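Student: Just need the whole structure built from these sequences, with the hints factored in.
Here the protein sequences come in this chain order: A and B. Residue numbering for the first sequence follows the working numbering, starting at 1 and increasing by one per position. Residue numbering for the second sequence follows the working numbering, starting at 1 and increasing by one per position.
A couple of the hints might just be wrong.
Examples of chain A residues lying across from chain B (beta carbon under 7 angstroms, computed) [as the list claims (entries may be wrong)]:
#1 Asp-27
#2 Thr-123
#3 Met-214
Here are the simulated EDC-like pairs of lysine to aspartate or glutamate, each with C-alpha atoms no more than 16 angstroms apart in a straight line [unchecked claim]:
#4 Lys-149(B) - Glu-305(B)
#5 Lys-315(B) - Asp-241(B)
#6 Lys-139(B) - Asp-59(A)
#7 Lys-139(B) - Glu-208(B)
#8 Lys-139(A) - Glu-37(B)
#9 Lys-102(A) - Asp-59(A)
Computed spacing ranges between beta-carbons, pair by pair [stated by the list, open to error]:
#10 Gly-36(A) - Ala-246(B): 45 to 51 angstroms
#11 Leu-53(A) - Arg-249(B): 49 to 55 angstroms
#12 Thr-18(A) - Pro-316(B): 57 to 63 angstroms
Don't read these hints as lab results, they were simulated from the structure. From a predicted model like this one, the values you see are computed outputs, not experimental measurements. Here a beta-carbon is modelled for each residue, glycine too, at the ideal position from N, C-alpha and C.
Number of protein chains: 2
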Amino acid sequence: MASGEDDLIARYFKPLATDPGTFGLTDDAAVLTSSGEDIVVTVDAVVEGVHFLADDPPDTLARKALRVNLSDLAAKGAEPAGFVLTLALRDVQESWLAPFAKALGEDAAHFKCPLLGGDTVSTRGPLSISITAFGRVPKGRMVRRAGAKPGDLVMVTGTIGDATLGLDILGGGELAKAMANDATGMAALIDRYRVPQPRNALALAVREHATAAMDVSDGLAGDLTKLCGVSGVSADIRLADVPLSAQARELVARGIVGIERLVSGGDDYELLCAVPPNAAARFVAAAKATGTAATVIGEFRAGGEPPRFLDASGKPLALKRLSYSHF
Amino acid sequence: MASGEDDLIARYFKPLATDPGTFGLTDDAAVLTSSGEDIVVTVDAVVEGVHFLADDPPDTLARKALRVNLSDLAAKGAEPAGFVLTLALRDVQESWLAPFAKALGEDAAHFKCPLLGGDTVSTRGPLSISITAFGRVPKGRMVRRAGAKPGDLVMVTGTIGDATLGLDILGGGELAKAMANDATGMAALIDRYRVPQPRNALALAVREHATAAMDVSDGLAGDLTKLCGVSGVSADIRLADVPLSAQARELVARGIVGIERLVSGGDDYELLCAVPPNAAARFVAAAKATGTAATVIGEFRAGGEPPRFLDASGKPLALKRLSYSHF
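Tutor: The structure is reproduced here in structure tokens:
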């Protein structure tokens, strides 16, 4: 008696619904328990042709759709608690759904963020995936964008700008030619675009040490501008201190890529934190313990103007485009 | 410095974010507080051309997108706590967004279900709206689909089948001709399709009196079959007792519409409950106090076979199609 939609859910998604609060996806709703902690809620959707390419592999796509939400939870200092999925599909293809669901299940298990429920609908349009993810923090302890103080250090995890370079390569841009002799380097950049590495292992350190935080999803420059705006502060960034991968560093050194492009490119899914100077060493150590670098790239300062990005001579860079906007 | 997307959020959706846990939509995430209750999570998406028509008014569309989720919360016995919204738009039109956001805000206020956050993305495809809604129930008290016992009464609220008739009229089907002299009746049926009346006022009564419940969204026959399956019971329904509106009753009496179509049509957003006989009078009274009828339409019985829909002579109706499926 099961309809096609029920079959699809039973076959591909029921195995992921390991949490008792899902009742094996046989109900209209799931239960998320709380022992009085706050539930942190975040939602991010990805659309074919906008956030991912039509020929992106289904497994990396599943990981990216979940990880962009996990990255938000990490930035808020929250432990993952679960997620719900809305999948708008043109048709049901085993060859697409099987690897998609398998990878989603692997990531859900790895990040301890179980599937709690979802809705699968048909569409004539582009494939889209919307995920609402939940995390837990002790009451009142979600780390906000607001809270950065003058004198706090501006810190980022990992390296900045790789994903936008990976996207350029996938699109057959000029970088594919410039890096023609470095297949490994190109693959590393593509991987950074397709499979973000959310910093959930650092959630507790963010909660303990950061006065404000967000993840870098739309470009460091634009995201820092938003954080400054909500915190009511400004910032000075030393561009020379922005951490770059070996690939990005070489492309900058060869004059093929400008730093502006790296700090406005987006899709980094690194953490951007305001950390008081006396906590910086502990934050760096906590990051190092998880295999991630945390780097001081500047300072917050009093003032209402947008942050400045200073070159080696201390001159502010004029950024034409801070970040991606849909409209 | 705000991008188009930020402008859109600030202009249309920030006024709806009245809950302190939203931080005025200036953060990556929202906080849903809990004093140890369970959080009930449900997600439903609607897609242009599938769940609604391209020329459906934006205000009714907003109400429907939220109300289909509110209906799930009602069926689970949960008090609304808030929702997040993913909106995939082809473009930003003031004439569409302003009434959409206004109606969404009115419903959010009316049902005490505030906007907590969301994601607005661009798409080349059909407009789609995905809502994840949250409710609260005392720990362990979510009313499930599983739980119906042999001997429990099958009860539904309101009337069944109106929305599918309204959809037929909107599509210029044969009903528009058959009802040409009854503009008021046609408008009432269209309204039932476009603006569901979720039974959230009955959530406490569902929790107190129902052993199992779900909302009727895909058609009474198919939804009852699902509830029976998960509960491990069967049911006998007396078709003559299925509550119909005056319009539906007249169309059946004139032989224009068969009862089969009404019980498999979908979009009712009424409650389907299993209620022990000794609690039925109290459930009916509770419903009446909220201005809604609750009607006994049959009994659950032991057995694993699908429910039977019996005509006036006690003969089971052969249903060709139980409910809507996307795939």
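Student: Indicate, hint by hint, whether the structure satisfies it.
Tutor: Hint by hint, here is what the structure shows:
1. Asp-27: Since chain B brings a Cβ to about 5 angstroms from Asp-27(A), closer than 7 angstroms, the hint holds.
2. Thr-123: Holds. Min distance 5 angstroms.
3. Met-214: 5 angstroms, holds
4. Lys-149(B) - Glu-305(B): Judged against 16 angstroms, a Cα distance of about 14 angstroms means the pair holds.
5. Lys-315(B) - Asp-241(B): 14 angstroms, holds
6. Lys-139(B) - Asp-59(A): 36 angstroms, violated
7. Lys-139(B) - Glu-208(B): The hint holds at about 14 angstroms.
8. Lys-139(A) - Glu-37(B): 14 angstroms, holds
9. Lys-102(A) - Asp-59(A): Holds - the C-alpha atoms of Asp-59(A) and Lys-102(A) are around 7 angstroms apart, at most 16 angstroms.
10. Gly-36(A) - Ala-246(B): 45 to 51 angstroms: Because 50 angstroms falls inside the window, the suggested range holds.
11. Leu-53(A) - Arg-249(B): 49 to 55 angstroms: 54 angstroms, holds
12. Thr-18(A) - Pro-316(B): 57 to 63 angstroms: Violated: the Cβ-Cβ distance is about 39 angstroms, outside 57 to 63 angstroms.
When held up to the earlier numbered hints, the structure conflicts with 6, 12 and fits the remainder.
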